[in-house]
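Visitor: Sequence:
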Amino acid sequence: PADGKPLLVLLSYHPDETRRILELVLPYAQSGNLIAYKFHPADNPANFSQLLPPAPRIVVGDLFTALAGASAVIGSGSGSLAEACALGVPVLYPLQPADSPEPDLNYLPSEGPDCGLGTLWASVASSDDIQTACALLAARAQEPEHPERVRRFRDLLFTKPMPELIRESFGL
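In the numbering used here, the protein residues as written are 1 to 172.
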C-alpha cells in the first residue's frame with residue numbers, strides 16, 4: 001500500500017478459515033507487499049508457519065492499535081471487521097469458494113444504503129484482487145462523503161448502551 005502501512009491479516013478462531021486466508025494472502029506477501037498478521041489469541045502462529053512468508057510481521061497486543069497501524073484489513077469470521085469499517089479502516093473479505101462445504105463467515109452487512117459494500121469494504125476472490133480492492137477503497141476514503149459513510153455504518157451496527165436505548169431494545 002502506498003501509505004507505508006501494512007495490510008493487516010486478521011485471522012479467525014476457525015483453523016480452516018485461517019488456512020484459507022493465509023493461502024489467499026501468501027502470493028500477495030511473496031510479491032513484496034507489506035503485510036502484518038494478527039492471529040486469534042487461541043491460535044499459535046507456529047502452527048501455520050508453512051503458510052507464512054519468511055520472517056513474517058506478527059502483531060501482538062490490542063486490536064485497536066493494530067487497526068490504527070494498518071492501511072487495510074483482510075479477514076473473515078470476525079466481528080472485528082465491522083469494528084474496522086466503523087473506524088474507517090478499509091476491509092477486504094475473501095469470498096468463500098462456490099463449491100465450499102463451509103459456511104460463509106462474512107458478518108458484514110451487504111444490503112442497504114449504509115452497508116459499506118464497495119465504499120468501506122470489498123470482496124476479493126483471489127490474491128490478484130487484493131491490490132485492486134485496496135486501491136478502490138483507498139480512493140473512496142479520499143472522497144468528501146467518506147466520514148459520513150463511516151458514521152452511517154457505525155450507526156447501523158453500533159449503539160451506545162444508554163438506559164433509554166436498552167429499554168427501547170427490549171420493549172421495557
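Simulated from the structure, these hints should not be mistaken for lab results. The beta-carbon is built from N, C-alpha and C at its ideal position, and this holds for glycine as well. Any given hint could turn out to be false.
To be verified - For each label pair, taking beta carbons as the anchor points, the in silico distance ranges come out as:
1) ASP128 x ARG151: 16 to 22 Å
2) SER49 x ARG151: 38 to 44 Å
3) THR65 x GLU143: 53 to 59 Å
4) PRO53 x PRO144: 35 to 41 Å
5) PRO27 x ALA98: 17 to 23 Å
6) PHE158 x GLY118: 35 to 41 Å
7) ARG151 x GLN30: 35 to 41 Å
8) GLN30 x GLU111: 32 to 38 Å
9) LEU136 x PRO113: 28 to 34 Å
10) GLU164 x GLY32: 51 to 57 Å
11) ARG57 x SER100: 24 to 30 Å
Visitor: Measuring from beta carbon to beta carbon, are SER49 and ARG151 in 38 to 44 Å?
Guide: This hint holds: roughly 41 Å between Cβ atoms.
Visitor: May I ask you to test the hint 16 to 22 Å on the CB atoms belonging to ASP128 and ARG151?
Guide: violated (32 Å)
Visitor: May I ask you to test the hint 53 to 59 Å on the CB atoms belonging to THR65 and GLU143?
Guide: Violated, at about 27 Å.
Visitor: Starting from the hint 24 to 30 Å, judge whether the C-beta atoms of ARG57 and SER100 obey it.
Guide: holds (29 Å)
Visitor: Note whether the CB distance of LEU136 and PRO113 lies within 28 to 34 Å or breaks it.
Guide: For PRO113 against LEU136, whose Cβ atoms are near 19 Å apart, the range 28 to 34 Å is violated.
Visitor: Starting from the range 35 to 41 Å, see whether the pair ARG151 and GLN30 falls in it by beta-carbon distance.
Guide: holds (38 Å)
Visitor: Indicate whether the distance between the beta carbons of PHE158 and GLY118 respects the range 35 to 41 Å.
Guide: violated (21 Å)
Visitor: Taking the Cβ atom of PRO27 and the Cβ atom of ALA98, is their distance within the range 17 to 23 Å?
Guide: holds (20 Å)
Visitor: For the pair GLN30 and GLU111, does the Cβ-Cβ distance stay inside 32 to 38 Å?
Guide: holds (35 Å)
Visitor: Taking 35 to 41 Å as the stated bounds, is the beta-carbon spacing between PRO53 and PRO144 within them?
Guide: holds (37 Å)
Visitor: Take a look at whether the Cβ-Cβ distance between GLU164 and GLY32 falls inside 51 to 57 Å.
Guide: Since GLU164 and GLY32 have Cβ atoms about 52 Å apart, the given range 51 to 57 Å holds.
The structure fails hints 1, 3, 6 and 9 (numbered hints given earlier, in ascending order).
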